[in-house]
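Trainee: Residue strings, one per chain:
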Amino acid sequence: MYVGQAIRRREDDRFLLGRGSYVEDITLDDPIAHAAFVRSPHAHAAVTRVDAARAAAMPGVLAVLTGEDWTRAGNGEAEGVWPVKDMSGADARTVNRPFICVDGTVRCVGEIVAMVVAEDRHQAQDAAEAIEVDYEEKPANTLTARALDADTPLVHPAHGTNEVLVTEHGLKEETEAALAKAHHVTEVVVPTNRVTAASIEPRCYMGHHDTVNDRYTVWTTNQAPHIVRRYFTKSLNIPEHKLRVIAPDVGGGFGMKLYHYPEEALVLWGAIVSGRPVRWVGTRSECLLGDTHARDHHTVGRMGFDAEGRILGVKFETLGAFGAYESQWNASITNAYHFTMLSLAYDIPAIHTTVRAVYTNATPVDAYRGAGRPETVYQVERLIENGAHEMGIDPLELRARNLIPPEKFPYQTAIGITYDSGDPPALVEKARALANYDALRAEQAALRAEGQWMGIGICAFFDMAGAGPVKMMNDLGAKIGCYDVASVRVHPDGRITVFAGSHSHGQGHETTWSQIAADRLGCNIEHIDLVEGDTDRVPMGIGTWGSRSLSTAGMAVYTAADRVVAKSKRMAAHMLECAPEDLDLADGEFTVKGTDRKLSFAAVANASYHSGDRPPDLEIGLEETSFFDPADCTYPSAVHLCVVLVDPETCAVTLRDYWAVDDVGTVINPMVLEGQVHGGLAQGIGQALMEECAYDPESGQYLAGTFMDYAVPHAEDVPSFGLDSHFTRALGNPLGAKGAGESGTIGAPACVCNGVIDALWHLGVRQVTQPMTPKKIWRAIEDAQRAQQ
Amino acid sequence: MKPPRFRYLRAGSVDGAVQALADNPDARILAGGQSLIAMMNLRLVRPACLIDINRVPDLGYIREEGDGVAIGALARHNEVKHSELVRARCPLLTEAYESIAHHTVRNRGTLGGNLCHADPSSETPAVMIAVGATLVLQSVGGTRAVGAEDFFLGTYETAARQDEMLVEIRLPGRGADGWAFAEISNRHGDFAIAVIATTLSLENGRCAAARVVASGVGEHAARLVPAEQALVGGPVDETRLDAAAAAAAGAVDPHSDSHADAAYRRDAVAALTRRTVRRAAERCG
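Taken in sequence, the protein lines are chains A and B. For the first sequence, position 279 (counting from the first letter as 1) is numbered 279 according to the numbering used here, and the numbering increases by one without interruption. For the second sequence, position 16 (counting from the first letter as 1) is numbered 1016 according to the numbering used here, and the numbering increases by one without interruption.
These are calculated hints, taken from the structure and not from any lab test. For glycine and all other residues, C-beta sits at the position ideal for the given N, C-alpha and C. Keep in mind that a hint or two might mislead.
[Unchecked claim] Pairwise CB distance ranges, derived in the manner of DEER restraints:
1. Gly1250/B with His159/A: 50 to 56 Å
2. Leu1044/B with Glu187/A: 42 to 48 Å
3. Thr706/A with Arg1007/B: 24 to 30 Å
4. Asn1041/B with His714/A: 19 to 25 Å
5. His762/A with Thr1104/B: 40 to 46 Å
6. Glu1238/B with Asp783/A: 22 to 28 Å
7. Asn1054/B with Thr706/A: 23 to 29 Å
8. Glu1238/B with Arg786/A: 50 to 56 Å
9. Asp134/A with Asn1054/B: 51 to 57 Å
10. Lys479/A with Thr1104/B: 44 to 50 Å
Take the sequences, apply the hints, and build the full model.
Mentor: Listed below in structure tokens is the structure:
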């Protein structure tokens, strides 16, 4: 068996040896031209003049294009995959992110005003600088918390408000009643910081128009090439069958590379206009500004407890950032992923939330690893942490009193969603043992007596992963079918190619999909190749996002392989003159049960294509496809625990220890799982301690345009992780797998923040907003001490 | 290639480099390029000409000079960081290097280039001032020596004229008995939020001389003279530590930015002053 083994990743040879092939590495017969963009330097401005005459005459320039040209060409508008609906189901105040400024107004820094196509990158950049643009600045607001204030400038004045939509979920009256009768009510303002994925490979696109065959090709740093193909039917009006989308090796996506970005549409348009293939390679500054940002929720929460610390009800009011425009999936955060998981791992009888999505003059917000759930865990867990301290109950003990007991599964939460399986108390007990919790509390007390500040952070949660099922996701708003697809093609020599509609940009599908297929097919893993990321080779697919690929595409591989086995057994039974059910398939051989009669899989494969001697109703060939629509979402769960030290003089935070105990269902490859958890934790720790897409609140200027200003954690900023697992099977797919891509990112911000609060509680500190940089902790202590005086 | 167009000249000697500087009034010297090239790629600086000194022979030396050390303009950060001579004669610089940049940047970047870049949050200017280093500048007209204290004039601004090249850094021998360096940054290796480099001498248990130098909290690295005055003449006890810390905080006028606000920086200066003075005094032992 391969499933469950820590097999080394088959794709790593080429990555480690620098032999990966990314969009920037692709070569073509025709010389490739380069695109450069003129971007708005203002958060909000009228564009009163664009003069490209000087740029157009510069050396090497092939085309200069503006919004007027876009409109004249009859190009279209972006379309939300997850359209924005308000509570009545009606379309909300949607303004889609433009590909290029077409209406004479720019609404965030970085919005594209013009494009230059030139022979080389240098010429394109020089010409872009030579385009003269006049702006008339308008008042702007970049702060989500201020979006609905009476005096806040409107991003889209035609709508008369910055509110995109408002939705309510849960049990309103029950929650009010629970809070009214509560022994103790905790209230915390819990804003989550605006962050971005900061993938190691910047976004990069290349477009090509084959005028002879009237076919188009786009090479893209994208996680879902088939959805890109669908988007192009709207942006450039190209029918799906005319367009080939290739997403080759991609260096990290994290949700951020799921969208049809302006530059992606523009390079193909540039190729059509110039008659040359056109490439754009994003600089780090362009990407930190123009990649979708994430989180940026502003929430006020109230949680009521009884005298024993049991949670009676919890209520939230949230402002959820959209940025200046609707990005294509944003509504999946505010309308689907965020509110659904508000019960976390706790048995909470009453939950109610009101979410107002709002526009600001900032980069559009969309899904990033966790998409809505890091906000959810943060807001609930911050309330639990403060509640425990206020009531004088040990924070882990208070959580333990509220966990969903295993006998309650399947467990329907007060918000309406049903978790299929899980065992939160087992996770907590494993975490308690792993961290040696009681000893940590003793150490904390001893250090505090010496004037040292140590804190223990905790969180426990469920994640909604594995989207679909198609119907459920349609009901939550998705306009795409959330299935996935795989084909298993057996070649006449018995070797196998698996084609999957997923895309691996770090996940290791070449290893894990092969492990699944090799087990089902009883073959050597080395005999399997995987093809992903090319819409001409894999006709359909939905792509990799939301911890979904294992329970959709992985299950499609599983199902298609089983169909191949069933068909090949019929052929083998015919050749061995027995019944198909009498056959075992293992180690590349069919064996008639209880005998030594054998036939190789390769011989059956060859006969399947080339022998006329076959069962009369058995079709030639050995290739099967499965479109897999899971029976349910998956619900991974986890408990995180950490130790932080805060320097009493400088307020710098050291994250000393971090433990995570995960329930991700069936594990295909423990090493790949560990890698997923490590990476997720690092990104979540970054959100907690250092990452922020900061804007100047006065000017609306973007302040995080380089890696000197946008801090991602270095290896030395994260501790060595202590991981454990406790598995319960997912019920929605036969593999029993739940997905593991987002767990680390979802839990870490809450866990680390709770650790800092725990370290500083005795000083009067009740909240420090993320990222918890030394200056913010210093300020929180100053404010707390002033308040106490 | 992301920078605007520029002319590239490769110097074969120091004389050739300074001649090229004289001939090209908008030229910059290219040593390690770890700041200059990044700023050119961002199109924040646009020199018309770069004079590359990386092929100039024998300019990367670190050698004894009397009881001090002379460091050539092309000595890479990591060469200085790992130099036993520097560790023996200027351990404050060795200690500071624990906080300076990252391994790959230190492999290529040079101490001389770092000083000429004069970033207001850079660590090395504070160290140079604290130890009383001398910087040797050369032009076609000859050479002159400038004390580190007089070298840093403002943000990215030094006493070196456009036609002058920094050719050598001279560190004096161990003048002070004690020394310590401390920095606060959001991540190790990042631009500093606040830096304090301190040198100190004790005589009969009393502070005979002190230099407390700050970086990251003003236009350029500078001595915090009131803090030094609070120390000199008495024992380095808690009272004097508090006085020096308060004087240091009062002597700076820091800025606010997205990394830290002015009030935090001022408090950080006090904390780092206390920390470095205490450690420097302990080392005098």
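Trainee: Evaluate each hint against the coordinates.
Mentor: Evaluation of the provided hints:
1. Gly1250/B with His159/A: 50 to 56 Å: 52 Å, holds
2. Leu1044/B with Glu187/A: 42 to 48 Å: About 45 Å separates the Cβ atoms of Leu1044/B and Glu187/A, which means 42 to 48 Å holds.
3. Thr706/A with Arg1007/B: 24 to 30 Å: 26 Å, holds
4. Asn1041/B with His714/A: 19 to 25 Å: 22 Å, holds
5. His762/A with Thr1104/B: 40 to 46 Å: 42 Å, holds
6. Glu1238/B with Asp783/A: 22 to 28 Å: Holds - the Cβ-Cβ distance for Glu1238/B and Asp783/A, about 27 Å, lies within 22 to 28 Å.
7. Asn1054/B with Thr706/A: 23 to 29 Å: For Asn1054/B and Thr706/A the Cβ distance comes to about 25 Å; the hint holds.
8. Glu1238/B with Arg786/A: 50 to 56 Å: Violated, at about 24 Å.
9. Asp134/A with Asn1054/B: 51 to 57 Å: 43 Å, violated
10. Lys479/A with Thr1104/B: 44 to 50 Å: The hinted range 44 to 50 Å holds for Lys479/A and Thr1104/B, with Cβ atoms some 46 Å apart.
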